[in-house]
Amino acid sequence: MELFPAPIRYSQVGMATEQKSSAEAQQVSVYLPLIAGWLVPGAGHFLLRKWGRGALLSVSIVCMYALGIAMQGKLYSSVHDVLDILGLAGDLGNGMLFIVSRLAGLGADSVQQTTADYGTRFIVVAGLLNVIAAVDAHNLRTGRKS
Amino acid sequence: MFKPSHFAAVVLFALFASTVFGITQRETPKRMLRYGIYCFVFFVGSVLAWSWVMFFIAR
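Here the protein sequences come in this chain order: A and B.
Be aware that the first sequence starts at 1, since it is given in the working numbering, and climbs by one per residue.
Be aware that the second sequence starts at 147, since it is given in the working numbering, and climbs by one per residue.
What the hints contain is simulated information worked out from the structure, not anything from laboratory work.
If you're wondering where the values come from, they're calculated on a predicted model, not measured in any experiment.
Backbone N, C-alpha and C define an ideal beta-carbon position, used for all residues, glycine too.
Just to be clear, a hint being listed does not mean it is correct.
To be verified - Under 7 Å between C-beta atoms, here's a sample of chain B residues computed to sit facing chain A: (1) M147; (2) F153; (3) A155; (4) V156; (5) F162; (6) T165; (7) T170; (8) E173; (9) K176; (10) L179.
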């Protein structure tokens with residue numbers, strides 16, 4: 001037991017803003033950041049007002065996907081074997097990027113060059129990274145991560 | 147059509163993947179940056195190391 005406890009000093013500058021921001025983020029549905037983050041890269045973090053993280057995630061994933069398309073990477077559309085299933089699952093992780101690209105006819109149907117093989121991997125990994133980012137937004141919303 | 151060299155593709159891949167890993171796997175900005183750099187160095191370093199291993203195997 002301390003005879004002379006140290007005085008508690010704290011500043012209230014910014015505390016109300018922090019609480020308001022947190023309260024607004026709490027109003028978002030639990031699964032909305034997950035779904036929004038999957039459909040649009042970074043959107044889950046934007047909903048939770050994590051602007052910096054959302055922007056970096058969005059730029060990274062969209063750039064990776066765009067480079068994959070620019071390298072004539074293959075977009076999986078049909079399933080012939082197990083590897084195609086895995087590739088399609090990865091591509092679907094890109095959400096709206098994948099759907100819009102399919103509708104616009106982007107991407108190659110088959111890999112004919114070495115760089116196209118790199119591009120195919122870029123597209124699949126961009127989808128997987130997007131899923132990780134969406135789950136991260138969900139964890140932020142549920143409070144599992146601060 | 148964008149045609150990067152193999153090494154350029156590796157560096158781009160490592161850059162984007164490390165950014166996402168850093169942000170999603172750590173909680174504070176400082177630790178995010180450190181983990182992102184660690185992942186980037188690990189990605190590129192492991193590619194260089196395995197490239198030299200394959201170079202000597204092929205000889």
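Hint-by-hint comparison with the structure:
no. : hint : in the structure
1   : M147 : 6 Å, holds
2   : F153 : 11 Å, violated
3   : A155 : 5 Å, holds
4   : V156 : 9 Å, violated
5   : F162 : 4 Å, holds
6   : T165 : 4 Å, holds
7   : T170 : 4 Å, holds
8   : E173 : 6 Å, holds
9   : K176 : 13 Å, violated
10  : L179 : 11 Å, violated
Hint violations for this structure: numbers 2, 4, 9 and 10, all remaining hints satisfied.
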